[in-house]
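There are 2 protein chains.
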Amino acid sequence: MAKQKEVKLLGVWLSPFVCRIKWVLKLKQVDYENIEEEDLFNNKSELLLSSNPIHKKIPVLLHNGKAIVESLNILEYIDETWPQSPLMPQDPYDRAMARFWAKFADEKFITATFEAFASEGEKQNKAIGLAVECLGFLEEQLQGKPFFGGETIGYLDIALGWAAYWLQVWEEVGSMEIMDPIKFPSINKWMNNFVESSVIKDNLPPRDKMVLVLTEYRKILAGFYKV
Amino acid sequence: MAKQKEVKLLGVWLSPFVCRIKWVLKLKQVDYENIEEEDLFNNKSELLLSSNPIHKKIPVLLHNGKAIVESLNILEYIDETWPQSPLMPQDPYDRAMARFWAKFADEKFITATFEAFASEGEKQNKAIGLAVECLGFLEEQLQGKPFFGGETIGYLDIALGWAAYWLQVWEEVGSMEIMDPIKFPSINKWMNNFVESSVIKDNLPPRDKMVLVLTEYRKILAGFYKV
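Chains as they are written, first to last, in the working numbering: chain E, 14 to 240; chain W, 14 to 240.
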C-alpha cells in the first residue's frame, strides 16, 4: 500500500463522482482515509469549504494536505501520481478521445439521466430521449471491446461507471426506462463486465440502501424539476 | 517545422477558442493549414459537421485525418504530441491546478464576461459582478509571477489569453467595465506581459475589425439576452 494515511477522500457514499475516485484508489492499491461529509445540503463541513472554496462540492482528494477537486481532474491527478495500473491510454489521440467522452458523459449523459430520474411527464420523456441518444453514441465507441479502455478498465470506464450501476437504480426509483439491452448490446455487456470486475464489485454502495434514500430524495427533487 | 501540412485547424478568426490553438501551434512551431469556417451560424461546413458530429462546434484540429475537438482538450493533445516548449507543468498537483483554473475560466469567467458584453441593465450588472469575482480568484493565483505558468507562458496562460485581449474589446462594445487595474494589479501586469509576448502579439485578430463585427453581433445577441 502506497502513501499510507497521506491520502484522504472527502465525499458521500451515494455519489457516483466519489465512487469513481474510490475505485481508482483501490485499483491502484493506494491506501486512503475515507471521510464522509455528513450533511451536504444544509451544513457543509469546514474541511469541504476550505478545501474547495470555489465550488464547495465533493469529491475532494487531500494528498499530503493539498486539495485536488473535480472528479475527472482527480482521476488524472491520481493516474499521474501513482502510475501503476494506468488509467489513461498511452497514445495522445486515444487520450484526447477518452477525455472527450468522459466530459460528454458528465455534461450530457449523466445530466439527462438524472433529470429523467427526478422529473415526470413530458419533462421526463424529453430527458429520457436525450439520455437514450447519449447511450447510442457510447454504444458505437465500444466496438466489441469488453471495456472502453480495451481489455482492462481505463479512464473512460471509470468515468462512465455510474451508468453500470446507478442507472438501474435511478430507473427503478424514477419509474422509467433508459437502457434497452436489445438496442444497446455492447453497452449491456460492458455494464456486466464492469460491475463484475474485481475491485469494482466490492466497492459499490448497497443497492437496497440506495433505493430507500433515493426514493426520499426524489420527492424533494420533484419540486425543483416540476417548475 | 514539424509534420508539415498534416495539421489543419478549422475555426473562425474572431474566436478566442480558436486563437488559443493557433498560439500553441505557433509557440511549438508546428506548421498548419488554417481553414476558416465561412458561415458558422447558418451554414456549417460538411467538414465541421463530419469532424465534430456531437457538438458541431469549432475549433477542430485535424491531425493526419483524425479530428480532435474542444479547445482545452486540443491543447493537451498538442502538448502531448509535440512536447517542445511544454505547456503543462511537470508536477501532477500543478497540472491539476492548471486544469482546474482553465475549466473554471471557461465555465464561469468567460460565460459571465460574454453575458455582460451581450446584455444590458440589471442582467448586465449581475454578469459584471460574477466576472469581477472570477478576476479576484485569478488575481490570487498569480502571486507575483509574470505568467500563470511561471516565467514563461503555460497552459493556463493560453486558456486565459482571451482575457488579455478580447475582454477590453467586449468592454468597449458592451459599454461596461469589468477589469480594474487598481483592483487587480497582478492581472493587469499579466495582461500586458501576455499580449506583448513574442508569438502572441503577432497572432491576435485586428482590433478594429473585431469592434466592427462585435458591434453588429451584439445587436443580434441583445434579443436573446434580454429575454
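Quick caveat, the hints were computed from the structure, so don't treat them as lab data.
Please note: incorrect hints may appear among the correct ones.
Note that identical chains are pooled: a pair holds if it fits in a single copy or bridges any two copies.
[What the hints assert, rightly or not] Taking lysine-lysine pairs in the BS3-like style, the calculated list, with each CA pair at most 27 Å apart, reads: (1) 116 - 79; (2) 139 - 69; (3) 79 - 136; (4) 121 - 79; (5) 121 - 69.
Consistency of the hints with the structure:
Within a single copy, residue 116 and residue 79 get their C-alpha atoms as close as 24 Å, and across copies as close as 19 Å, so both meet the 27 Å cut-off. For the homomeric pair residue 139 and residue 69, the shortest alpha-carbon distance between copies (21 Å) is at most 27 Å, but the shortest distance inside one copy (30 Å) is not. Proximity of residue 79 to residue 136 under the C-alpha cut-off of 27 Å is found in neither arrangement, the shortest distances being 41 Å within a copy and 37 Å between copies. For the homomeric pair residue 121 and residue 79, the shortest alpha-carbon distance between copies (23 Å) is at most 27 Å, but the shortest distance inside one copy (30 Å) is not.
Both within a single protomer and between protomers do residue 121 and residue 69 lie at most 27 Å apart by alpha-carbon distance, with minima of 22 Å and 15 Å respectively.
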